[in-house]
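Participant: Letter by letter, the chains look like this.
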Amino acid sequence: ETGVTQSPTHLIKTRGQQVTLRCSSQSGHNTVSWYQQALGQGPQFIFQYYREEENGRGNFPPRFSGLQFPNYSSELNVNALELDDSALYLCASSPFPSETQYFGPGTRLLVL
Amino acid sequence: GQQLNQSPQSMFIQEGEDVSMNCTSSSIFNTWLWYKQDPGEGPVLLIALYKAGELTSNGRLTAQFGITRKDSFLNISASIPSDVGIYFCAAGGKLIFGQGTELSVKP
Numbered sequence: 001e002t003g004v005t006q007s008p009t010h011l012i013k014t015r016g017q018q019v020t021l022r023c024s025s026q027s028g029h030n031t032v033s034w035y036q037q038a039l040g041q042g043p044q045f046i047f048q049y050y051r052e053e054e055n056g057r058g059n060f061p062p063r064f065s066g067l068q069f070p071n072y073s074s075e076l077n078v079n080a081l082e083l084d085d086s087a088l089y090l091c092a093s094s095p096f097p098s099e100t101q102y103f104g105p106g107t108r109l110l111v112l
Numbered sequence: 113g114q115q116l117n118q119s120p121q122s123m124f125i126q127e128g129e130d131v132s133m134n135c136t137s138s139s140i141f142n143t144w145l146w147y148k149q150d151p152g153e154g155p156v157l158l159i160a161l162y163k164a165g166e167l168t169s170n171g172r173l174t175a176q177f178g179i180t181r182k183d184s185f186l187n188i189s190a191s192i193p194s195d196v197g198i199y200f201c202a203a204g205g206k207l208i209f210g211q212g213t214e215l216s217v218k219p
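Here the protein sequences come in this chain order: A and B. At position 96 of the first sequence the residue is numbered 96 (the numbering used here), and the sequence of numbers has no breaks. Just so we're on the same page, the numbering used here is the position in the second sequence counted from 1, plus 112.
This is chain A alone, in the form it adopts within the complex (with noise of 0.2 Å):
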């Protein structure tokens, strides 16, 4: 059984640039949550997306928008980059909404 997995690894951009960050859910997950982590903080809730609508979302701003696909993978995509938003991008998927959520091993994204 394949779990989470996330592309890129790294990223480097500049202010005012826009990222996209991909997920891929565990077999048989519907759902998908991203999460923002900054350095020595604990994940940050951005959306959740089950059956490719938005199920949820957290404190942050509409330039963060995302997309979930019918196979349940899904995107991240972050417009108009800001120094702020250099961070590790946690992707999780889980069975339905409110179950247990595996994380993937996170998008380091660093934006000078």
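Certain hints may be false.
Said to hold, decoys possible - Derived contacts from chain A toward chain B, CB cut-off under 8 Å, selection only:
1. P8
2. F45
3. Q48
4. L90
5. Y102
6. F103
7. G104
8. G106
As the list claims (entries may be wrong) - No more than 25 Å apart at the CA atoms, straight line, and that leaves these computed lysine to any residue pairs for SDA-like:
9. B:K182 to B:L215
10. B:K206 to A:T2
11. B:K206 to A:G56
12. B:K206 to A:K13
13. B:K148 to A:G58
14. B:K206 to B:L167
15. B:K163 to A:Y102
Calculated from the structure, these hints are not laboratory results. Glycine included, every Cβ here is placed at the ideal spot set by N, Cα and C.
Let chain A serve as the given structure and place chain B on it in line with the hints.
Facilitator: Below, chain B alone, put in the same frame as chain A:
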């Protein structure tokens, strides 16, 4: 907003010692989880708790879901060097995380 208060922030112990950390909240949650995170990696699930009062073990790890549904603790018995890492409590459906407990184990 909702937040989890996790303590202690860090622990430095000798190999073989037992460890205890806890998490409290002013809000009620129906699910409590404990994760371990190594540097540069994603959190790995250790224990999931679904019922108030539930006590669950996973090897040397034991966790309890508080009866009030506002707290949880994690115990690690007979610590070993590979227990080193950051431990996070988390709660809810759209997970809210504590600030983490950084554990260092001296051989």
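Participant: Next, verify each hint and record whether it holds.
Facilitator: Taking the hints in turn, this is what the structure says about them:
The beta carbon of P8 (chain A) is not positioned within 8 Å of any beta carbon in chain B (closest approach about 14 Å), and the interface hint is therefore violated. With a cut of 8 Å, the hint placing F45 (chain A) at the interface with chain B holds, because the nearest CB-to-CB distance is about 5 Å. The interface hint given for Q48 (chain A) holds, since its Cβ lies 6 Å from the closest Cβ of chain B, which is under the 8 Å cut-off. The beta carbon of L90 (chain A) comes within 5 Å of a beta carbon in chain B, closer than 8 Å, and the hint placing it at the interface holds.
The interface hint given for Y102 (chain A) holds, since its Cβ lies 6 Å from the closest Cβ of chain B, which is under the 8 Å cut-off. A hinted interface residue such as F103 (chain A) counts as satisfied when its beta carbon comes closer than 8 Å to some beta carbon of chain B; here the least separation is about 4 Å, so the hint holds. Interface restraint check: G104 (chain A) against chain B, minimum CB-CB distance 5 Å, threshold 8 Å, status holds. The beta carbon of G106 (chain A) is positioned within 8 Å of a beta carbon in chain B (closest approach about 5 Å), and the interface hint is therefore held.
Only pairs whose Cα atoms come within 25 Å are accepted, and K182 (chain B) paired with L215 (chain B) is accepted, the gap being roughly 23 Å. Restraint check for K206 (chain B) and T2 (chain A): satisfied, since their Cα atoms lie roughly 23 Å apart, inside the 25 Å limit. Restraint check: the Cα-Cα separation between K206 (chain B) and G56 (chain A) comes to about 8 Å, which is no more than 25 Å; the hinted pair holds. Restraint check for K206 (chain B) and K13 (chain A): the C-alpha separation of about 28 Å exceeds 25 Å, so the hint is violated.
Pair hint K148 (chain B) plus G58 (chain A) holds up; C-alpha atoms about 23 Å apart against a cutoff of 25 Å. Of the pairs offered as hints, the one joining K206 (chain B) and L167 (chain B) holds, with about 23 Å between alpha carbons and a cut-off of 25 Å not exceeded. Restraint check for K163 (chain B) and Y102 (chain A): satisfied, since their Cα atoms lie roughly 20 Å apart, inside the 25 Å limit.
Checked against the numbered hints above, the structure breaks hints 1 and 12 and satisfies the rest.
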